[in-house]
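Novice: Chains as they are written, first to last, in our numbering: chain V, 19 to 389; chain S, 812 to 1326; chain R, 641 to 960.
To be clear, the hints were calculated from the coordinates, so they are not data collected in a lab. Every residue, glycine too, gets a C-beta built ideally from N, C-alpha and C. Wrong hints could be hidden among the right ones.
Claimed, not checked - A partial selection of chain R residues facing chain S, derived with a Cβ cut-off under 7 angstroms:
(1) Gly837
(2) Ala943
(3) Gly944
Said to hold, decoys possible - Here are the simulated DSSO-like cross-link-like pairs (lysine-lysine), alpha carbons at most 30 angstroms apart as the crow flies:
(4) S:Lys925 - R:Lys815
(5) S:Lys1072 - S:Lys999
(6) R:Lys957 - S:Lys1113
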Amino acid sequence: MPNKSLPWLNSIVLTLANIGLALLASVIVLSLTGVDIGAAISQIYHGAFGTQEGRGYTLYYATNFIFSGLGVALAWHAGLFNIGGEGQATLGGLGVAIICIQLDGLSLWLLIPASMLFCALFGAIWAFIPAWLNAYRSSNIVITTIMLNLIASSFLVYLLAGALKAPGQMAAVSESLSAGSALPSMQSIMAVFGYNIVNTPLNISFLWALVCGAGLYYYLWHTKLGYETRVVGHSEESAHYAGIKSKRIVIITMMISGALIGFIGLNEVQGNSLQLNVDFVAGFGFAGIAVALMGRNNPLGIVIASILFGALYQGGSELAFNEESIGNNIIFLIQGLVVLFCGALQWMLRPTINYWLRPMDVIKKDKLPVR
Amino acid sequence: MLSPALELQNVVKYFHDIKALDDVCLKIAPGSIHGIIGENGAGKSTLLKVAYGLINPEHGQVFVDGVKVNIENPQHAIDNGIGMLHQTTSWLEHYSIIDNILLGEYNGFFMSRKKAKARQELEQLCREFGFSFQLDMLMSQLDYSERQLVDILRSLYRGAKVLILDEPMALLSPLQSNHLLDLLELLKMQGISILIVAHKLSILHHICDVISVMAHGKLVNNINPKEVTLGYLSKLMVGREITIPHPNSSVSGVDRSLRLKVSNLGIKQKTRLGTSRQSFSLSDIDFQVNSHEIVALTGLAKAGHENLLAVLAGSKPFTHGRITVNGTRFKPSKQYDLKQARELRIAYVPDPLTGEGIVSEFPIFETAILGHHTESFSTKAVYQNKHNQQRCQELMRDWNIRPNNPMLSTGALSGGNQQKLVLAREFSKAPQLLLMAHPSNGLDVGAIESVYQRLFKLRDSGVSIIFCSNDLDEIMSLSDRVILFERGQIIGQYYSQQLSKNDLSLMLANEVVDA
Amino acid sequence: MDSTFSWILLFDASLRLATPLMFAALAGFVSERAGVMDIGLEGKMLLGAFAAATIASVTGSAWQGVLAAIVITGCFSLLHAFACITHKGDHVVSGLAINLLAVAITALLAQRIFVQGGMTPILSDEQRLPTIEFPNIITHDDSLLSQIYWYLLSGHNILVYLAFIAVFLTIYLMKYSTWGIVVLAAGDNPTALKRAGFSVSKIRYMAVVVGGCICGLAGAFLSIGHGAGFVENMTVGKGFIALAALIFGRWHPIGVMLSCLFFGFLEALAIRLQESRFSDVDSVIPIQLLEITPYVLTLCVLAGVIGKSAAPATLGKPMR
């Protein structure tokens, strides 16, 4: 019997227990693979938070995690599993690169809205395909998004080997965007307020990610479309009863989700590398699933989870410098275990927790066990 | 004396907080036909499922031939010689009859080895009991009654000594059900004990050696049908006369206006599994509803009354006929949907057990605007949660929904309070026509009473109310008029005051009423 | 090189490239027909490849490597079954977790054990699975028959032949064994199964684990059959192509086999084109077009453009 008087307490405890289990399992697996846990943790911590530069990188990576976590979470609220983040982010980056190259020399005040628009548009279009297939041809959205991820990555390779290839370059990269089209870095923004910080790739898209998080919260819980989205996600029958057009909701939700994930391209391409390369998405699209699961699909939770993942990513890459390729794989490992324990096995501990947190009156009466 | 072929002792089963089976003891004598009757929700089906291991009770023992056995799943039941004929059959469509039957016998990796021997045995059984199908026919070629026979054949093949039947006649034509009855008699002569649940009292009266009556999860009576009349049997089943005082005095001396007119309405079904016949899940529905009246739609399982209610609400499309609401005519098209119905001030309260009318994960104040959320948002692009919470709190106070906290999740409310919440929401929109499916499903007596009072008040103020129900008490105490359905057609309309509960029960079971 | 011979070589390569797809798709077939969705094929293949190469390299026995691959993928599918069946978790989420874990665990362990940047040492021929040469019943000459016999049919790795045997064995079992029928029913009509006295959970568990074991063979073929050692993330999307083949093959063994062969052929063609690029022969078809063909075709099947998708009725839905 769920704790009826304090249902939220049970769910928070359950979430924390799942995260704890995932981290515990990570520690166990890592020590089995012979990583010196104590040293690794302190290295990761130091790498992520120890220096101003580390903190900058942490938030820079967190930006990507926020975008993809928000996108996955939004789709999840409509009962859709968008694992097409890789593809949508790829397309988002493509949109940014194309518009920045086309509009080179334009004032930054005009360029930024244009590149944001194109970024969102490209991501949304890529998400529209599985959304339409799901709504009107009832295709399984998981499979279609996987297929579109792979198609997007081949498409990018194709463009980078041909149409967008930088002249005179051996590697498959696009021509560089001019330095004038880069997003304002956090350093320059803080400088306006009189603070002097180290230059890192951290840029204005971090703030945009926070705005998106707040916007998503507002959208889901304070607007009609958000309300309808959640009804569709919870119960198809109730949505039908309420006269909600589920198909329309599916398409709108997926397109917004794709747009959000597409912004990874903004942060990566216009915020940092200023060119398009083959693997700029580097798993950030997939990572959104772990982030959303850890953050319980709640924007605030996602921001917190993203910073944690950002820290792991940054701290892990410090490890990578010291111990070759361990760092990246630690991230994948923790991601995998978070997905496993906070996602696939999320209900495993529920009976235990409900038992320990049962209300006092139930303990006293010792009611018949209910199956 | 011989020990009973099957005996259930002190069976207790809870569904959430509700006691579905309350200390039930049942003995089935060898070679007898034992019937169970009772109203909907009395726990008959649950009891049968316990006996077949599909439901595990909290408490209770099962004895077969006087030996205590442990039945946790269907395999145990089969091993102990218990077979079951389910209300709906479920087979592997693309396999032959023989494969389907042998499937259960999980001995041997390959089927072919045993097949020849099994075929002989099965053919022998078919001859013995007069089954006419070929063992190599595919399941998909069989109709419902034949599938039932395959169910029985499988049980026999696997050595069933006790056969359990759950509403076997509900979907059979009279001819088919006569065949089935002959078969049951034959089985009985072979020494097989039969436990049967059915609504058709006269049939049970005719074939059973013993009839048990169930009510509210309890087995209340064991009777020998030879000693009692059909009328007495039906009285036993109906039990006490209506307990809720009968405050229903239909309104007189007011101008009644025509609210709803349904003419020639029908739903054509998609043809199933290669049958070329056209089938209608509803056909030739003609009736009218005026203001100031409450109309009940009722019938046995799948009689079509529930479908009709959903059609009127705009939740299901119809393919033939017309619906006229307050003078606006609707043809079969996509035009008439829930939204359109709401605009015509038709309120729809779905069956509380389906959970359609609520979103259990939502806070109560969000459920309180479901279906009407467009208005809640239309003032601005933004909807004011605060405002909605306050309104919800008022509604909850008005309807005495506890705990009175709009922030709680809807699922945390009891079933009765959830239903009151839906009613509160729909009432607050001042409907002209109220449609309700099984209004008191899952509600306790107190809640039922208060709901009824409100419905009467609504009716007296001129609203038309249509509800579908299988609960005779409910129909008798709530309705002014009853419309009876069978196989998707209307078979009769009666004024409730001219009927007794007993008459209604007999008519539903398709019996001839003496009076 | 004359053109017939070059076609034969192309088909020969297709067979080799289709083999891991066939194993993985069959693995998915068994699991998904029983109603449990399996997008963890990619990860399990990787785990199998790693286990096979590692054990083969340590013990020197290829067959022990195969055994290790089967055991480890079996264990991970047990985890998948535990999450999906016992705890009614989301099948996709669980599969995804396995994919992520596989990448990380294989790389970390490979790094740990061999300290060669996430690779195993290159395996010697004794540490790899043997190839099978056909008996000398046709003379070596330039005739088409001889070329087909010697270059297309003979001389493949033993797992290539096993893959085909596995397909036909699956068909046979699905048709004639109780086990096969029961697995199909577990995905299509669990109610009927339950009434016949089976435990649907048990059957699904079995199917998922058997599927996992078959997937181990796909991995073993990559690292100790076709390849000679494990490389980080060496499956590069083959698991997803297998998934595509499963859908494109309409969840039927023959269909699955044919689509695997077709996708293998596309891959072989892409490699051929890439090689010809280097020799400055400009090709008309972009390689990427060949790469995405399986995925696009699968989308078309899912969209109902090419026939109807024939997924098992209860695929991915936890049992009540």
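Novice: Are the hints correct? Go through all of them and say.
Specialist: Evaluated hints:
| no. | hint | verdict |
| --- | --- | --- |
| 1 | Gly837 | holds (4 angstroms) |
| 2 | Ala943 | violated (22 angstroms) |
| 3 | Gly944 | violated (18 angstroms) |
| 4 | S:Lys925 - R:Lys815 | holds (15 angstroms) |
| 5 | S:Lys1072 - S:Lys999 | violated (51 angstroms) |
| 6 | R:Lys957 - S:Lys1113 | holds (27 angstroms) |
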